[in-house]
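Student: Now for the letters of each chain:
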Amino acid sequence: MIAATHLSSTYYLTFAAILFGIGAVGLLVRRNVLVMFMCVELMLNAVNVTFVAFSRALNDISGQAIVFFVLVVAAAEVAIGLAIIVAIFRRRRNGATADDVDLLQG
Amino acid sequence: MPEAVLFFIFGALALAGALGVVLMRNPVHSALCLVGVLISIAVLFVIQDAQLLAAVQVIVYAGAIVVLFLFVIMLLGVDRHESLHDPVKSQRPLAIGVGVVSVAAFIVLGNANWTSGDLASRGVVSPAGTNNVKAVADSLFTTFLWPFELTAVLLVIAVIGGVVLARRSHLPARDELHELEEQDSEVQDSEVPDSEVPDS
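Protein chains in written order, with the numbering used here: chain H, 521 to 626; chain U, 3 to 202.
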């Protein structure tokens, strides 16, 4: 359809790289568990953008199909992760950051 | 509107929103920035001929996942007092270094020539005479049928895990446990002299 005016997939891949980097740095720097989860979502979205860019560059629909599986994994991860966060907060009222969950450290 | 204009507008919006997610102190503001990022990425999907994915992105991510985030934030209370003290020394510069190195590596990889060699043929993105939804459905229910069935198992596991985690445990919580132990020891301390009095 708009094959004549396609933007090179390099732009999308660079965009996805920057988005992934922001998410990774946020995950490592922030201590709030919920914001860390949002950074994981950012990284998953960057991967989705990469899949769709390659899907169009190679004219192969499987890239778009795989994004569905990434979406399912993201949904399951959020459901379980938020349930774990709620369970942790229920047991220790003042534990708000990831550093307070150090029971396995001994 | 040409694709490049839309790409640069919504790409910049998405990156600004991503920075907002990381830099905002209030988790509610982070969640709202995340909505902006997700909708911008949905626009990027549309201009890449992935209309079904754009709709799913808005419905599932912006409609379900972010709402779940906001539910939990409101349930637990907004916590603005995030300590900036790192238990691991120099974690922050190390994290930024790792981020810069990985972004540089991904950009180098993104500029590589990926379309050499034979192309796979699992269906084209925009087949003639049909639309994107049918193309994705054809791929999902033929080539990826087995992974698709496995996602059902994954979702069932997630549902069961969520129910198990959300169930109120019959064991007392950690803080209550300490209180109970202290009460028990107090009771024992006060009972010991009483039991010794009749013997003597």
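Rather than coming from a laboratory, the hints here were simulated on the basis of the structure.
Keep in mind the model is a prediction, meaning the values are calculated, not measured.
Just so it is clear, CB atoms sit at the ideal spot from N, CA and C, and this is done for glycine as well.
Be a bit skeptical, because a hint or two may be false.
[Claimed, not checked] With beta-carbon atoms standing in for the labels, derived distance ranges:
#1 H/Val593 x U/Asn133: 46 to 56 Å
#2 H/His526 x U/Val158: 18 to 28 Å
#3 U/Ala57 x H/Arg611: 23 to 33 Å
#4 H/Leu624 x U/Asn133: 48 to 58 Å
#5 H/Arg611 x U/Thr132: 50 to 60 Å
#6 H/Ser528 x U/Gly163: 22 to 32 Å
#7 H/Val621 x U/Ala154: 49 to 59 Å
#8 U/Gly99 x H/Tyr531: 40 to 50 Å
#9 U/Leu96 x H/Val590: 26 to 36 Å
#10 H/Tyr531 x U/Leu25: 16 to 26 Å
#11 H/Arg611 x U/Gly131: 27 to 37 Å
#12 H/Asp619 x U/Asn133: 47 to 57 Å
#13 U/Val110 x H/Leu624: 31 to 41 Å
#14 U/Val135 x H/Arg611: 28 to 38 Å
[Unchecked claim] Chain U stretches covered by chain H per the calculated footprint, using a threshold of three residues with CB under 8 Å from any CB of chain H:
#15 41-48
#16 131-142
[Claimed, not checked] Among chain U residues calculated to face chain H with C-beta under 8 Å, some are:
#17 Ala57
#18 Val60
#19 Ile61
#20 Leu78
#21 Ala97
Student: Next, verify each hint and record whether it holds.
Tutor: Structure-based check of each hint:
| no. | hint | in the structure |
| --- | --- | --- |
| 1 | H/Val593 x U/Asn133: 46 to 56 Å | violated (26 Å) |
| 2 | H/His526 x U/Val158: 18 to 28 Å | violated (40 Å) |
| 3 | U/Ala57 x H/Arg611: 23 to 33 Å | violated (39 Å) |
| 4 | H/Leu624 x U/Asn133: 48 to 58 Å | holds (51 Å) |
| 5 | H/Arg611 x U/Thr132: 50 to 60 Å | holds (53 Å) |
| 6 | H/Ser528 x U/Gly163: 22 to 32 Å | violated (42 Å) |
| 7 | H/Val621 x U/Ala154: 49 to 59 Å | violated (31 Å) |
| 8 | U/Gly99 x H/Tyr531: 40 to 50 Å | violated (26 Å) |
| 9 | U/Leu96 x H/Val590: 26 to 36 Å | holds (28 Å) |
| 10 | H/Tyr531 x U/Leu25: 16 to 26 Å | holds (25 Å) |
| 11 | H/Arg611 x U/Gly131: 27 to 37 Å | violated (58 Å) |
| 12 | H/Asp619 x U/Asn133: 47 to 57 Å | holds (50 Å) |
| 13 | U/Val110 x H/Leu624: 31 to 41 Å | holds (37 Å) |
| 14 | U/Val135 x H/Arg611: 28 to 38 Å | violated (45 Å) |
| 15 | 41-48 | holds (count 3) |
| 16 | 131-142 | holds (count 6) |
| 17 | Ala57 | violated (12 Å) |
| 18 | Val60 | violated (12 Å) |
| 19 | Ile61 | violated (10 Å) |
| 20 | Leu78 | holds (5 Å) |
| 21 | Ala97 | holds (3 Å) |
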